[in-house]
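Whenever a hint applies, use it, and build me the whole structure from the sequences.
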Amino acid sequence: MSPFLLGTLASMTAGLATGLGALPVLVTRKLDQKLQSILLGFGGGVMLAASAFLLIIPGTEAAEAQGYPRPLAAAIMVVGILLGGLCLWLGNRYFPHEHFIKGPEGSNAEGLKRIWLFVAAIALHNFPEGMAVGVSFANGDISQGLPVAVGIGLQNMPEGLVVAVALLGQGYSMGYALWVSLLSGLVEPVGGMLGAGLVSVSQVLMPWAMAFAAGAMLFVISDEIIPESHRKGYDLQGTIGVMVGFVVMMFLDVALGG
Numbered sequence: 001m002s003p004f005l006l007g008t009l010a011s012m013t014a015g016l017a018t019g020l021g022a023l024p025v026l027v028t029r030k031l032d033q034k035l036q037s038i039l040l041g042f043g044g045g046v047m048l049a050a051s052a053f054l055l056i057i058p059g060t061e062a063a064e065a066q067g068y069p070r071p072l073a074a075a076i077m078v079v080g081i082l083l084g085g086l087c088l089w090l091g092n093r094y095f096p097h098e099h100f101i102k103g104p105e106g107s108n109a110e111g112l113k114r115i116w117l118f119v120a121a122i123a124l125h126n127f128p129e130g131m132a133v134g135v136s137f138a139n140g141d142i143s144q145g146l147p148v149a150v151g152i153g154l155q156n157m158p159e160g161l162v163v164a165v166a167l168l169g170q171g172y173s174m175g176y177a178l179w180v181s182l183l184s185g186l187v188e189p190v191g192g193m194l195g196a197g198l199v200s201v202s203q204v205l206m207p208w209a210m211a212f213a214a215g216a217m218l219f220v221i222s223d224e225i226i227p228e229s230h231r232k233g234y235d236l237q238g239t240i241g242v243m244v245g246f247v248v249m250m251f252l253d254v255a256l257g258g
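Here our numbering is used: position 206 in the sequence shown is 206, and no number is missing along the way.
The hints are simulated quantities; they were obtained by calculation from the structure and are not laboratory data.
Bear in mind the structure is a predicted one, so any value in this text is a computation, not a measurement.
Think of the CB as a built atom: it goes at the ideal place given N, C-alpha and C, for glycine as much as any other residue.
Just so you know, nobody snuck in bad clues.
Pairwise CB distance ranges (calculated):
hint: 1; residue 1: P71; residue 2: L183; range: 37 to 47 Å
hint: 2; residue 1: A75; residue 2: M174; range: 46 to 56 Å
hint: 3; residue 1: G233; residue 2: S143; range: 35 to 45 Å
hint: 4; residue 1: L26; residue 2: S143; range: 33 to 43 Å
hint: 5; residue 1: I142; residue 2: L183; range: 20 to 30 Å
The calculated lysine to aspartate or glutamate pairs, modelled on EDC-like cross-linking and capped at a C-alpha distance of 16 Å, are:
hint: 6; residue 1: K232; residue 2: D32
hint: 7; residue 1: K34; residue 2: E228
hint: 8; residue 1: K34; residue 2: D235
Following this line, the structure appears as structure tokens:
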């Protein structure tokens with residue numbers, strides 16, 4: 001199987017986990033606020049570990065393998081990370097969307113239904129995750145990509161549940177909440193195709209793409225996930241979630257990686 005197809009399918013599978021994670025709303029329509037903070041923190045911890053162990057470190061090694069001296073390889077990662085964060089900041093600033101907790105952001109959103117503003121916010125969140133999965137498979141090394149896909153998939157499941165519960169709390173129907181949760185995850189294969197496609201065109205782009213995806217995810221973690229996991233005074237629960245998510249992703253890297 002080509003690296004491009006492998007990255008696309010892996011990111012799609014990870015994205016579908018969002019819809020799978022939303023299924024518990026068929027049993028309960030409410031989620032304890034403390035548990036929500038833990039789940040959100042868990043997702044942030046998974047993304048943080050994935051950024052460090054599965055994108056930044058391998059990206060630096062890829063740059064060195066291309067013949068760059070270590071300082072220049074590190075500089076490539078620094079620039080790529082900052083570019084990824086900048087793109088997410090620009091998206092947050094100018095792309096109309098609305099977070100469940102932080103409220104509306106971006107440009108004027110008049111004329112758009114509120115549900116699509118929620119979807120847009122989730123899309124901004126999920127796109128770099130899909131790109132990370134796609135890039136990790138782009139060199140055809142399953143042992144490098146599998147931990148990323150599994151980790152992001154695990155992270156997406158509690159996220160899907162939190163999204164579905166939030167939509168039910170906004171007055172949307174059960175079917176609509178499940179559909180939007182699934183739809184939000186399908187943004188990831190778009191990012192996966194972009195990441196895998198760029199590196200498939202030229203392996204020279206591998207360290208840049210890894211750094212970009214890492215920077216985008218770091219922005220999401222700091223700007224959105226951690227603040228939302230600490231809302232309503234549940235800082236400890238959010239922190240516990242981050243730490244558990246971090247060590248789970250670290251374990252997956254060691255256990256599943258080559």
